[in-house]
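K.L.:
Kindly produce the complete structure, drawing on both the sequences and the hints.
Chains H and W are the protein sequences, given in the same order.
If you use our numbering, the first sequence corresponds to residues 14 to 655, in order.
If you use our numbering, the second sequence corresponds to residues 112 to 368, in order.
What the hints contain is simulated information worked out from the structure, not anything from laboratory work.
Treat the hints with care, since some could be wrong.
[Said to hold, decoys possible] Stretch by stretch, here's where chain W covers chain H in the computed footprint (C-beta under 8 Å, at least three residues): (1) 20-27; (2) 267-277; (3) 316-326.
[Stated by the list, open to error] Here are the simulated SDA-like pairs of lysine to any residue, each with C-alpha atoms no more than 20 Å apart in a straight line: (4) H/355 x W/147; (5) H/520 x H/558; (6) H/317 x W/193.
Here a beta-carbon is modelled for each residue, glycine too, at the ideal position from N, C-alpha and C.
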Amino acid sequence: MTVESVFPRLEALLPHVQKPIQYVGGELNSTVKDWDACDVRWALMYPDAYEVGLPNQGTMILYEVLNEREGVLAERSYSVWPDLEALMREHGVPQFTVDAHRPIKAFDVFGLSFSTELGYTNMLTALDLAGIPLNAADRTMDDPVVLAGGHAAFNPEPIADFIDAAVIGDGEQAVLDITDIVRAWKAEGRPGGRDELLLRLAKTGGVYIPRFYDVEYLPDGRIGRVVPNRPGVPWRVSKHTVMDLDEWPYPKQPLVPLAETVHERMSVEIFRGCTRGCRFCQAGMITRPVRERSITGIGEMVEKGLKATGFEEVGLLSLSSADHSEIADITKGLADRYAEDKVGLSLPSTRVDAFNIDLANELSRNGRRSGLTFAPEGGSERIRKVINKMVSEEDLINTVATAYGNGWRQVKLYFMCGLPTETDDDVLQIGTMAKNVIAKGREVTGTNDIRCTVSIGGFVPKPHTPFQWAPQLSAEATDERLTKLRDSIRGDRKFGKNIGFRYHDGKPGIVEGLLSRGDRRIGAVIRAVYEDGGRFDGWREHFSYDRWMASAEKGLAGTGVDVDWYTTRERTYEEVLPWDHLDSGLDKDWLWEDWQDALEEVEVEDCRWTPCFDCGVCPQMDTHIQVGPTGKKLLPLTVVNN
Amino acid sequence: MQRIRLRYTKRGRLRFTSHRDFQRAFERALRRSAVPMAYSAGFTPHPKVSYANAAPTGTASEAEYLEIGLAATRDPEALRRQLDESLPPGLDITDAVEVRTSNFVERLEASEWLLRLAGVEPEQAAKAAATFLAAESVEVQRMTKNGLRTFDARAAVAALELLPDGAPQVGIGDDTLTDGADDVRTGAPCAILRLVVRHATPAVRPDDVLSGLRSTADLAPPVPAEVTRLAQGPLDEQTGTVTDPLALDRAAAEVGR
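P.N.:
Right, dumping it as structure tokens:
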């Protein structure tokens with residue numbers, strides 16, 4: 014089958030759309046392989062705008078891992094903005110890849126990476142534009158296998174109707190294993206059709222095929238059980254874990270777009286996983302155990318990546334970057350190496366302690382010193398015990414004092430509102446903390462010109478966390494609480510003017526909550542939203558709460574359950590949760606005990622520094638913690654240029 | 112500090128690159144190819160690059176110009192090759208001279224453009240061009256940052272003529288990626304206009320001349336015109352041609368050798 018580029022037809026539409034460059038491809042380090050020389054072809058989509066999707070590490074890694082394989086081809090696709098969508102519909106141009114502008118429908122596998130549930134409607138847009146039936150059940154041999162991955166895929170039930178398969182966990186090895194299965198099936202002449210291919214994938218125990226499971230409901234609307242409906246299909250599907258990060262130094266050749274994107278830098282993942290045990294954090298729970306990349310591996314990736322891209326900034330990525338066992342040597346080594354080249358370094362996620370100021374000083378050595386960001390997450394000591402964020406106010410104030418003493422003038426603090434057991438008082442203490450921070454800053458610097466910005470997000474309970482049973486705070490209650498906090502900050506004559514206050518209203522959080530902890534019945538809601546024109550739900554200007562609520566009423570009619578049932582309702586120990594058959598390795602009983610500990614304000618240590626506390630992941634997944642130190646140092650690079 | 116003037120292109124699909132996009136790509140190419148850039152002083156040092164008169168997003172160009180400052184001396188041609196290799200095909204560095212003269216931007220007096228009008232009969236385009244040229248003034252409107260502006264598009268036009276069949280086609284489809292635009296589109300008629308516009312204030316763009324052709328002569332191409340800048344530089348009023356703005360630097364460099 015010859016597959017033609019849709020570019021000539023697309024090109025005629027581009028003069029009429031905003032930022033056409035995002036649709037033309039040709040990024041530095043992108044790959045176009047010969048279609049006919051490959052027998053397994055992947056289209057990888059990040060279902061958001063190009064500017065958000067292009068820098069996504071997951072997509073970039075899988076793109077490179079797949080393209081490195083002989084006979085395998087991977088191309089990328091992103092969501093098109095409504096202006097181009099309308100023109101594509103008018104002129105019959107299908108959803109395309111940006112690499113060679115091939116139609117998505119021609120590929121064997123259509124893989125979508127969901128960092129967030131808010132990309133679900135964009136998936137439906139892409140499927141429809143591609144000419145692929147929205148319902149998996151309606152697809153034929155002409156359609157690709159639609160495969161979901163990413164953190165949101167740990168509960169794929171809300172999109173079970175639309176996807177053929179889901180993979181949870183690390184994708185590097187998983188995409189290669191799937192490739193082998195698809196290749197063998199095609200080589201044999203596609204025996205048994207689509208069904209047989211999906212069955213082969215399901216039998217591995219590492220690919221979830223929703224259609225092979227039946228969900229039974231109890232009269233009260235809760236799930237009775239989830240049962241495989243085929244012989245050979247496992248009861249539970251396991252997550253994938255890549256063990257030695259040094260064996261997977263991807264992306265080796267990071268993509269450099271012509272168009273502007275949200276991250277104008279190169280990223281190197283310095284470790285994966287986190288065992289701090291923050292109870293609200295889904296990423297920390299589902300990516301266990303901690304696996305560090307070695308200091309020398311990091312040095313090599315930075316060096317090769319900079320050469321391949323020309324970026325000016327390197328982000329040292331992880332869930333809590335200062336926790337790498339050799340972070341001080343890494344930052345110092347890199348800052349030394351690139352002092353002449355004006356390469357900036359950044360640590361996107363850091364904890365609150367004085368050690369981080371040393372790091373921050375090191376990182377800003379080659380560049381500017383703007384602001385420092387910390388995430389105490391909770392305003393009161395009590396609520397921080399509930400969420401297991403072990404930071405005392407004293408720690409924070411000391412850290413901040415050091416920061417101001419070192420010349421930093423602006424501190425940004427992140428918090429959440431709507432945490433389990435939270436009261437007005439817990440949230441009002443956020444204001445107190447900000448005032449104390451400024452007071453300390455004034456004391457240390459002797460100037461009144463000190464700023465502290467408080468940024469607040471709504472808490473959304475997530476699957477596979479100790480808070481998966483927790484009631485979510487309603488949008489109204491969230492807004493009310495934040496209004497009280499705002500008034501108390503604004504009303505303060507001594508500090509009010511120096512405190513910046515940023516928050517989002519509670520409505521988008523409710524939709525996120527509905528999708529996060531939803532089950533298969535939510536599929537009808539997503540479809541109704543899409544059909545009513547819902548797109549780009551992660552974008553404030555496109556998101557419509559009213560549309561979601563109206564669609565929920567329509568989609569859930571006759572089920573006996575509603576939005577509140579999914580969001581603000583507390584679950585009990587016995588309840589079968591929609592994602593129980595997806596195995597993240599975490600022992601459900603351990604999660605429940607941790608939830609009970611949360612309610613009793615009992616903290617749990619990090620297993621990197623204390624004995625194992627039996628979360629279940631390592632024995633269940635046959636993995637182990639992988640941390641240094643290696644004792645190695647980053648030596649200066651030989652001067653090649655000049 | 113050595114300064115070098117470069118001529119570059121925006122070809123094929125990369126004509127959709129905006130000027131900001133190009134700037135980022137160019138500065139990254141400088142870093143990748145380890146060009147010894149001079150940096151501005153100050154809190155956030157920037158490499159010394161200045162750009163002149165960039166073509167609008169969506170129009171191709173054979174003649175864009177920029178100037179860079181180097182911290183160490185380099186051979187212009189070697190530097191050109193090095194940078195060209197580092198940029199994606201379509202963004203090509205086609206000329207480099209060492210700066211020997213000032214007032215470069217003032218030398219960019221006019222631009223020569225090709226307007227490819229697919230689906231338009233050549234005779235119709237020729238007639239429209241004649242009507243346009245015959246007019247005393249041609250009022251056109253364009254949306255600017257400060258709202259809708261009305262101005263004359265006629266006075267700035269130094270030449271507007273139909274090119275005969277088989278005229279060289281540059282820019283569109285040339286040197287693009289594998290599945291780029293096909294240049295040879297058979298079947299439908301196609302008119303190619305050559306346009307020379309003086310750089311004036313307000314700037315008259317090819318788009319404005321196209322709106323002028325629509326308003327004075329009812330010329331309405333069925334698909335968007337493909338526009339390519341062929342040259343910019345000093346205008347020879349006698350012949351209505353645009354000459355090489357780097358010629359003075361080149362000559363000075365020869366003398367200095």
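K.L.:
Each hint should be assessed against the structure and marked as holding or not.
P.N.:
Evaluated hints:
Coverage of the segment 20-27 of chain H by chain W holds. Counting CB-CB distances below 8 Å, 5 residues qualify, and the rule asks for three or more. Counting residues of the segment 267-277 of chain H whose C-beta lies closer than 8 Å to any C-beta of chain W gives 5; at least three are required, and the coverage claim holds. A count of 7 residues in the segment 316-326 of chain H with a Cβ less than 8 Å from any Cβ of chain W is obtained; the coverage claim is therefore met, three being the minimum. For the proposed pair residue 355 of chain H and residue 147 of chain W, the alpha carbon gap of about 12 Å is at most 20 Å, so the pair holds.
Restraint check for residue 520 of chain H and residue 558 of chain H: satisfied, since their Cα atoms lie roughly 6 Å apart, inside the 20 Å limit. Between the alpha carbons of residue 317 of chain H and residue 193 of chain W the distance comes to roughly 19 Å, so the proposed pair stays at or under 20 Å and holds.
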